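2 protein chains.
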Amino acid sequence: MTSPELQADTLPSRDEAAYVLDRKTVTSILYALDTENRDKLVELMEPLHPADIADLLEQVNAFDRGRLLRLYDKEFDGDILSELDESIREEVIAALSPSTLADAVRDLESDDVVDLLEDLEEPQQEAILDALEEPDRLAIQQALSYPESSAGRLMQREVVMAPDHWTVGHAIDHMRGTDDLPYQFYHIVLVDPRMHPVGQVALGRLMASPRGTPLSEIASEEFQIIPVDQDEEDVAYAFNQYHLISAPVVDADGRLVGVITIDDAMIVMDEENESDMLLLAGVDDESSLSDTVINTTRRRFPWLAVNLLTAIVASLVISIFDETIAQFVALAVLMPIVASMGGNAGTQSLTVAVRALATKDLTGSNVLRVIRRESLVGLINGLAFALVMGIIGVLWFGDMTLGYVIGTAMVINLVVAGLAGAVIPVILDRVGVDPALASGTFVTTVTDVVGFFAFLGLAAMVLL
Amino acid sequence: MTSPELQADTLPSRDEAAYVLDRKTVTSILYALDTENRDKLVELMEPLHPADIADLLEQVNAFDRGRLLRLYDKEFDGDILSELDESIREEVIAALSPSTLADAVRDLESDDVVDLLEDLEEPQQEAILDALEEPDRLAIQQALSYPESSAGRLMQREVVMAPDHWTVGHAIDHMRGTDDLPYQFYHIVLVDPRMHPVGQVALGRLMASPRGTPLSEIASEEFQIIPVDQDEEDVAYAFNQYHLISAPVVDADGRLVGVITIDDAMIVMDEENESDMLLLAGVDDESSLSDTVINTTRRRFPWLAVNLLTAIVASLVISIFDETIAQFVALAVLMPIVASMGGNAGTQSLTVAVRALATKDLTGSNVLRVIRRESLVGLINGLAFALVMGIIGVLWFGDMTLGYVIGTAMVINLVVAGLAGAVIPVILDRVGVDPALASGTFVTTVTDVVGFFAFLGLAAMVLL
Numbered sequence: 001m002t003s004p005e006l007q008a009d010t011l012p013s014r015d016e017a018a019y020v021l022d023r024k025t026v027t028s029i030l031y032a033l034d035t036e037n038r039d040k041l042v043e044l045m046e047p048l049h050p051a052d053i054a055d056l057l058e059q060v061n062a063f064d065r066g067r068l069l070r071l072y073d074k075e076f077d078g079d080i081l082s083e084l085d086e087s088i089r090e091e092v093i094a095a096l097s098p099s100t101l102a103d104a105v106r107d108l109e110s111d112d113v114v115d116l117l118e119d120l121e122e123p124q125q126e127a128i129l130d131a132l133e134e135p136d137r138l139a140i141q142q143a144l145s146y147p148e149s150s151a152g153r154l155m156q157r158e159v160v161m162a163p164d165h166w167t168v169g170h171a172i173d174h175m176r177g178t179d180d181l182p183y184q185f186y187h188i189v190l191v192d193p194r195m196h197p198v199g200q201v202a203l204g205r206l207m208a209s210p211r212g213t214p215l216s217e218i219a220s221e222e223f224q225i226i227p228v229d230q231d232e233e234d235v236a237y238a239f240n241q242y243h244l245i246s247a248p249v250v251d252a253d254g255r256l257v258g259v260i261t262i263d264d265a266m267i268v269m270d271e272e273n274e275s276d277m278l279l280l281a282g283v284d285d286e287s288s289l290s291d292t293v294i295n296t297t298r299r300r301f302p303w304l305a306v307n308l309l310t311a312i313v314a315s316l317v318i319s320i321f322d323e324t325i326a327q328f329v330a331l332a333v334l335m336p337i338v339a340s341m342g343g344n345a346g347t348q349s350l351t352v353a354v355r356a357l358a359t360k361d362l363t364g365s366n367v368l369r370v371i372r373r374e375s376l377v378g379l380i381n382g383l384a385f386a387l388v389m390g391i392i393g394v395l396w397f398g399d400m401t402l403g404y405v406i407g408t409a410m411v412i413n414l415v416v417a418g419l420a421g422a423v424i425p426v427i428l429d430r431v432g433v434d435p436a437l438a439s440g441t442f443v444t445t446v447t448d449v450v451g452f453f454a455f456l457g458l459a460a461m462v463l464l
Numbered sequence: 001m002t003s004p005e006l007q008a009d010t011l012p013s014r015d016e017a018a019y020v021l022d023r024k025t026v027t028s029i030l031y032a033l034d035t036e037n038r039d040k041l042v043e044l045m046e047p048l049h050p051a052d053i054a055d056l057l058e059q060v061n062a063f064d065r066g067r068l069l070r071l072y073d074k075e076f077d078g079d080i081l082s083e084l085d086e087s088i089r090e091e092v093i094a095a096l097s098p099s100t101l102a103d104a105v106r107d108l109e110s111d112d113v114v115d116l117l118e119d120l121e122e123p124q125q126e127a128i129l130d131a132l133e134e135p136d137r138l139a140i141q142q143a144l145s146y147p148e149s150s151a152g153r154l155m156q157r158e159v160v161m162a163p164d165h166w167t168v169g170h171a172i173d174h175m176r177g178t179d180d181l182p183y184q185f186y187h188i189v190l191v192d193p194r195m196h197p198v199g200q201v202a203l204g205r206l207m208a209s210p211r212g213t214p215l216s217e218i219a220s221e222e223f224q225i226i227p228v229d230q231d232e233e234d235v236a237y238a239f240n241q242y243h244l245i246s247a248p249v250v251d252a253d254g255r256l257v258g259v260i261t262i263d264d265a266m267i268v269m270d271e272e273n274e275s276d277m278l279l280l281a282g283v284d285d286e287s288s289l290s291d292t293v294i295n296t297t298r299r300r301f302p303w304l305a306v307n308l309l310t311a312i313v314a315s316l317v318i319s320i321f322d323e324t325i326a327q328f329v330a331l332a333v334l335m336p337i338v339a340s341m342g343g344n345a346g347t348q349s350l351t352v353a354v355r356a357l358a359t360k361d362l363t364g365s366n367v368l369r370v371i372r373r374e375s376l377v378g379l380i381n382g383l384a385f386a387l388v389m390g391i392i393g394v395l396w397f398g399d400m401t402l403g404y405v406i407g408t409a410m411v412i413n414l415v416v417a418g419l420a421g422a423v424i425p426v427i428l429d430r431v432g433v434d435p436a437l438a439s440g441t442f443v444t445t446v447t448d449v450v451g452f453f454a455f456l457g458l459a460a461m462v463l464l
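First to last, the sequence lines map onto chains A and B.
Heads up: the first sequence at position 278 corresponds to 278 in the UniProt record's numbering, and the numbers run straight through without jumps.
Heads up: the second sequence at position 380 corresponds to 380 in the UniProt record's numbering, and the numbers run straight through without jumps.
Read the hints as simulated data drawn from the structure, not as lab findings.
It cannot be assumed that every hint is accurate.
Since the list can't tell identical chains apart, any single copy or any two copies may satisfy a pair.
[Unchecked claim] In silico DSSO-like links for lysine-lysine, alpha-carbon gap of 30 Å or less: (1) Lys40 to Lys74; (2) Lys24 to Lys40; (3) Lys24 to Lys74.
Remember, it's a predicted structure, so these values are computed and weren't measured experimentally.
In isolation and in its complexed conformation, chain A is listed as follows (with noise of 0.2 Å):
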């Protein structure tokens, strides 16, 4: 326990940067580095939470980076290793002289070290998992036997627990008796004979309850049981729609394996919602900020090249009524607002799809509903911009027909663009595949398709 005195340095400041390592401390922290100072450098590090120290491996450069794993090496904390963004893991392993990467894995938990081997490569897996003593080796390789992204993976199988038959006395004195206790937990799980679990008891009830209390008296009424192959999605999905905090593992036969606590389940979540918000905008969800220019650029050529097809696509339309375009130049000026107009409605309504898909609020017994709602505001707001369009169209080009043509144009698109950002995410979704991963290139595809046809398909007919 620190003293009072010491305390009033985690107090935070109040501005915005509450949480940032200030560019101050990084700045002295590479000035240590410059002049090898390595007593400064400690110092300076020293008062830092590991989380932030990865945070400061990940914002300067290689170089730095290098310098500065060499200078701390011995100081590393295994902590460190797990907060540290995965693209630069084995960049960061690698630099570690042997010796420390031994000790900083030793001092890990379980679930902390499966994290770290599963996007490791062998030679390094190997290398970590010899550090290990023997039962602790074992125990994570039997981890690693789960399947990916799994409740296997993700649960610590350090598990207090109790006989369901106990009182309040029992666990205590069971407690005080055990040498290593988790070094979190915040239930006892009650087990019957068959090592089935049958309820939980909050700490905070223990602790409040006479010691001849029987712990069953006391249990948790909300108590919820994950299977070990269960994905880790739903295992977050579960934690926040129930508010849990932590909750038993079973195998397949009910027995109790693990226990996962509600702050892997929050990283699990905002992992999830990452994933999505960067597959939405075309990025691989496995992109960092650390990435090198060329390992960004490979993994976002991908998602160009789809887009270029589809914009080609697009131009095959356009091609179509190449002729009309000589003719009425007036339409390719205002072609592309048609189609732009029509792609942001569609993003607007696969937005809204993919996340309440991700939320679980879109289900069947709503689906038909959400469509419907969804093409019905693209109508009304079609509406509303066909008659600001059709008037802008009358007023820029004089020409009453050009303003009837984007009009009805933009009325079939936005009601065509609310549609498809409904039906195509359920339809990705039902079929199993990620709806935020493919739905923005169909949707957009669709709404440039429709949009240029809708109105050059239009104006072919009317004006020639």
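Knowing the structure of chain A, use the given hints to seat chain B on it.
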């Protein structure tokens, strides 16, 4: 404590839809509603979690929702209100009988009542405050006096605390003697005589330690103090970054006034992520799947109107070159490709930057490096697609010059896209505007204008 047999019901099925209200349940509930079978309805709803009942109310249409609330009224639980989406909260509150509403609200924890009240209109706020007992009402009015979206609104005022000189035995006896411990708590906050928090003890550590141990000896190493006026977004960031489970909240004088727990931080983080995702797509972040068609149309309209303005700006650029287009219709066919590629590349850079700003990974220390990286990525991908598109242009239209023109325009637009995608959100963030809110429009306006201008301008110079 229910028996093991009953618990088997709570074991989720292993399919994808693990935690969704399944369609069969919804259909049965609607059937009970049609037949006005109240007993059956209550029986079907009984096993549902309040969060699931809230989802049910959101997913059925307004007519069924009204009928359901009338038939279920007396059973209505306050937690359902907390879980309900804001878009239908007022409607549900209006549909409940005054006595049900009063009972429902009295059961809630203070932070949940605050969350409920802050989005309601004056008369409904009054009705709920009147239902509360005097001390609760005062406590909630005090909480509402903190700024919106601040830690003060998020915290619960019930804190389990202990003087920092107490032992484990003192703390346990004190808790056993306290009637109204909070429903959930995970730490005991240690305070000095001035009521300043100086540490916290995890219940697990408390449990496992002999009665004579001083609390200060088993205080957690990780300990963050949250100022009461801190923005909830920063609170959520701290919980996620430092893996906090609960954290004490202090007033301007550093005195303990409440505690925030990770489940509340998780909800804020999810909302912030949702908000960024929706704003990036030009969707009002308060919109909801249960909004009516008219409300949805109204919420989407302004964003589309802004898009229309920017699309018109792009059209004005095209109209400068209308004579060139009239002579070379191939330009009209190809020009959307340049704009579309720029828009996509810009959105990629932009989304990465917005996310990195939200996670505080993009800071003063690396902002120049990130901007340089995005521009370089744009340059390299631009060169690659210039080559591809140049060849396509030559093959399609048999015109070497056209190939050069589209290739050069592509390089220019992709570099600008990377630059604008990284710089615009950073500038917005610096001037205090949410970068997710306005970046998208700025970036695509830039890429449209630059794309059309570069392509058509080069064509006018070279081809005429």
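Hints, one by one, checked against the model:
| no. | hint | verdict |
| --- | --- | --- |
| 1 | Lys40 to Lys74 | within (14 Å within a copy, 67 Å between copies) |
| 2 | Lys24 to Lys40 | within (14 Å within a copy, 65 Å between copies) |
| 3 | Lys24 to Lys74 | within (24 Å within a copy, 60 Å between copies) |
Comparing the model with each earlier hint shows no violations; every hint is respected.
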